[in-house]
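Protein chains: 2
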Amino acid sequence: MNQVEFFFTPKVVAVVGASRKPGKVGYELLKNLKELFKGNLYAINPEAREILGVPCYSTLLDIPEEVDVVVISVPAERVSEVAEEAGRKGVKGLIVISGGFKETGPEGAEREKKLVEIVKKYGMRLIGPNCVGVYVPKTGMNTLFLSKERQGYPAHGFIAFASQSGAFGSAVLDWAAMKGIGISKFVSYGNKADVDEVDVLLYLRDDEDTRVITLYVEGIEKGREFFKVLREVTKYKPVIVLKSGRTEAGARAASSHTGSLAGSDAIYDSIFKQSGAVRAYSMEELFDLAIGLATQPPAAGGRVAVLTVGGGSGVMATDALSELGLSVPRLSESTVGRLRKVLLPFASPYNPVDVTGSAVDEHLVEAIEILLTSDDKIDAVMWLPYYMVPGITPELNRKFLDRVRKVFRETGRVVPIVGVATGGSYTATYAKEAESMGIPMYISPERAARVIKALVDYGRWLVKVGFFKYHIEKFCRIFSSHSM
Amino acid sequence: MNQVEFFFTPKVVAVVGASRKPGKVGYELLKNLKELFKGNLYAINPEAREILGVPCYSTLLDIPEEVDVVVISVPAERVSEVAEEAGRKGVKGLIVISGGFKETGPEGAEREKKLVEIVKKYGMRLIGPNCVGVYVPKTGMNTLFLSKERQGYPAHGFIAFASQSGAFGSAVLDWAAMKGIGISKFVSYGNKADVDEVDVLLYLRDDEDTRVITLYVEGIEKGREFFKVLREVTKYKPVIVLKSGRTEAGARAASSHTGSLAGSDAIYDSIFKQSGAVRAYSMEELFDLAIGLATQPPAAGGRVAVLTVGGGSGVMATDALSELGLSVPRLSESTVGRLRKVLLPFASPYNPVDVTGSAVDEHLVEAIEILLTSDDKIDAVMWLPYYMVPGITPELNRKFLDRVRKVFRETGRVVPIVGVATGGSYTATYAKEAESMGIPMYISPERAARVIKALVDYGRWLVKVGFFKYHIEKFCRIFSSHSM
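Chains U and D, in that order, are what the protein sequence lines are.
Positions in the first sequence are counted from 1; adding 1 to them yields the numbering used here.
Positions in the second sequence are counted from 1; adding 1 to them yields the numbering used here.
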């Protein structure tokens, strides 16, 4: 078992600092946990027999079974005492929500040092202090303390998210819940007195529910170790990093936020590149890339075919791809000839392949087969279906993906396909359907182009470290077992 | 009356090529128009007395009143004949939806030339051919031909949108409808045989319903005239341009899409700068900027204060602003001292001002007053309220904006305020409320930073051409009449 796995999959959890007062952190935390958690839950409160139906005891030692994780939300001065008790109880790990440690100055730093000593003495592990902790939809482990009325909790999914900032982490989960983006594991480790990015990366590498790892980082303390582990992990799963404190002013702000010394961004950038991590520059991009990298195979090179129903979007797609250093190459005469035979006379059989707004489903279906079997060495496809045009039927996604699957199977060569669906509710319905069939869809060609660029960069990294084939085979397994 | 205004506000419209067959362009177009149009509507169809309740006549000449606009959706070969008839009828303008002109080759180009000759001979104006035409929520003028089931139609609003691409234009309208973004006037002029960007810009400059003009452009033919007019229009209203065909491959794609010769993007870029237009690089950015520029005063300089409830978002905001060349300056000792007095002891009174997740409404309200009245010459504020944290109440927006209004009134100095609300449904509700009160809110600091950058760039342009004060006064009028 991984060293920190029990934090995410505990059987027995106790909350110290549980409160009977709605609005208090100790109440909301217990309420959220009670609602979701599938294991046994206890609360420590000498003045109550139960809170919210959770049985209460005076001390941890009174709990009549072994406890995996103790969640602590008492004033900072009392945390060490609770940690001692947990140690004597034989608890595996602590999640300390309470603030009032290193982030408040020398006195708090001393307090944090003492806490860590106790944790080490008993061989426990510690998430926090000054953190929001863990959220795992599958096991119901949840230490977030915002009420469900104010914050949404995302469903189970394949994206792991670790955030240095608790507030940002919570806001992102809330946003993900609204967007229907699933999460495998969430963790925010606050002051990182013990558990940090390194532990989490190693755990997530081996976590079967996690297909892609996303990180929000302000600063890395154990740089050498972090990058060594990162380099290892990226062989198996894509890791996408949103690193703030990139600019001088941003680094100053990061230092007064989490005390992180951000360091030169140029150094970070080169180290991320050398470790195979993909950088994102906003929350939306972090998840755009996560969804793309989790659902598509890596690209073997930078030659992209654009297949569009709208000419304007085709131009924008070409710009966006080119501006990222990717190529939208002219197609060979033989490919152009084959396309001409199946498309409308006024369609454009070059690249972008523009089937036009007069197209029917079959034009897209025939065109994708020609592109995937052409001699043009296409490494990735951006398709822009425009579900709204009159000739496109509700069957398009199924027909298109059936054909893709057939060609992948017959040729043995797979390439990533990333979609764009610009439009309103009708379009969004079919974009969601395509996603449920395994093809990620984005609102604009610019966002899809960033995803293709990440697939190309990650593919090049995998070739370099000899793991490209491993990922193609993994994709084929997921792909062939997929509903589509 | 502006030369092309009647296209957007006609009293009488006739449709030539109206069909009784659902799914046909001539049917859907008539159906859409019938549903929304507030004037008198006629259809030309010698075999029907009425279609969808719209009275039919055999020829335009039979219509028993004057006709402002004739919408033509007949095969290309028949368009000239209809144009002749319209000319004899004394019609003001034609919107030719039909394709089969310049975009199809030399024969079509000849046909287009002949059509223009007829239009000129009778002193008419022409939108198209090969276009989707016009959509005006206020008058119900609507020549879009996608069924309402597949495409949403946005409500009346203050953003005008002109798109060279019809499919992209339709998709954007659909998206805007879903997002709740209002449109004053939409036009897509297809081959631009007569009416083009120049006519449209001049009309929109004077259109009282339009506060900001957005353009999707692939190529500009009458460059000199366009830029002369653009330079004039931007004095009065912001113009935001999404120009595609920026890269070599993109320009090639544009040329096969609309036949536009895109030209060097460096030249376009410098001319846009010299004309005061703001460039956007994606659909989302086009409308992010439009909403910001339409609702906020221009900024007099590039010094930005960041006021946040979440430290991490403050760091990201600082990065994003700095990366765009804006400054997030250290605050003066006097400002820091004033902030320290009103904020929590562990809040950060520098810039970003981080009131922390333990903040209550009053911390944000007091902080904004201090920032707006400080000696730090703040030119713009990015605020990141985090509505979800326990101490923030549903009254925050009202209290915050009451205070902003009070300070603006008392000091006589106004600066743009741009908000960020990262989160899910609860947060989105309050973000929408803030927008209805006049403060634009974005999902991420990166998107808000782009808006502030545009307000700074536009402000500098206005100072240069002597129209800065004009805009500040206009803002104050809107602002004081506003619900907030």
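Please keep in mind that the hints were generated in silico from the structure rather than gathered at the bench.
Take the hints with a grain of salt, since some may be wrong.
Just so you know, same-sequence chains aren't split out, so a pair can sit in one copy or run between any two.
As the list claims (entries may be wrong) - Here are the computed lysine-lysine pairs in the DSS-like style, where the Cα-Cα straight-line distance is at most 30 Å:
| hint | residue 1 | residue 2 |
| --- | --- | --- |
| 1 | 32 | 433 |
| 2 | 35 | 180 |
| 3 | 223 | 433 |
| 4 | 25 | 342 |
| 5 | 342 | 139 |
| 6 | 114 | 470 |
| 7 | 229 | 378 |
| 8 | 22 | 229 |
| 9 | 149 | 400 |
| 10 | 114 | 433 |
| 11 | 400 | 22 |
| 12 | 229 | 149 |
| 13 | 25 | 378 |
| 14 | 465 | 115 |
Cross-check of the supplied hints:
Only between protomers do residue 32 and residue 433 lie at most 30 Å apart by alpha-carbon distance; the minimum there is 29 Å, versus 33 Å within a single protomer. Proximity of residue 35 and residue 180 under a CA criterion of 30 Å is satisfied intra-copy only: 25 Å inside one chain copy versus 36 Å between copies. For the homomeric pair residue 223 and residue 433, neither the shortest alpha-carbon distance inside one copy (41 Å) nor that between copies (42 Å) is at most 30 Å. Taking CA atoms no more than 30 Å apart as the test, residue 25 paired with residue 342 passes between copies only; the shortest distance there is 26 Å, against 69 Å inside one copy.
Taking identical chains as interchangeable, the C-alpha atoms of residue 342 and residue 139 are never at most 30 Å apart, the minima being 51 Å within one chain and 45 Å between chains. In this homomeric assembly, residue 114 and residue 470 never come within 30 Å of each other (Cα to Cα): the closest approach is 46 Å inside a single copy and 58 Å across copies. Taking the shortest Cα distances, residue 229 and residue 378 never come within 30 Å of each other, neither inside one copy (34 Å) nor across copies (46 Å). In this assembly of identical chains, residue 22 and residue 229 lie within 30 Å of each other by CA distance neither inside one copy nor across copies; the values are 46 Å within and 67 Å between.
Taking identical chains as interchangeable, the C-alpha atoms of residue 149 and residue 400 lie at most 30 Å apart only when they sit on different chains, with a minimum of 25 Å there against 41 Å within one chain. In this homomeric assembly, residue 114 and residue 433 never come within 30 Å of each other (Cα to Cα): the closest approach is 49 Å inside a single copy and 45 Å across copies. When the C-alpha separation of residue 400 and residue 22 is checked against a cutoff of 30 Å, the pair qualifies only between copies, where the shortest distance is 27 Å, while the shortest distance within a copy is 56 Å. Proximity of residue 229 and residue 149 under a CA criterion of 30 Å is satisfied in neither setting, with 39 Å inside one chain copy and 55 Å between copies.
Proximity of residue 25 to residue 378 under the C-alpha cut-off of 30 Å is found in neither arrangement, the shortest distances being 60 Å within a copy and 40 Å between copies. In this assembly of identical chains, the alpha carbons of residue 465 and residue 115 never lie at most 30 Å apart, being 45 Å within a copy and 61 Å across copies at closest.
When held up to the earlier numbered hints, the structure conflicts with 3, 5, 6, 7, 8, 10, 12, 13, 14 and fits the remainder.
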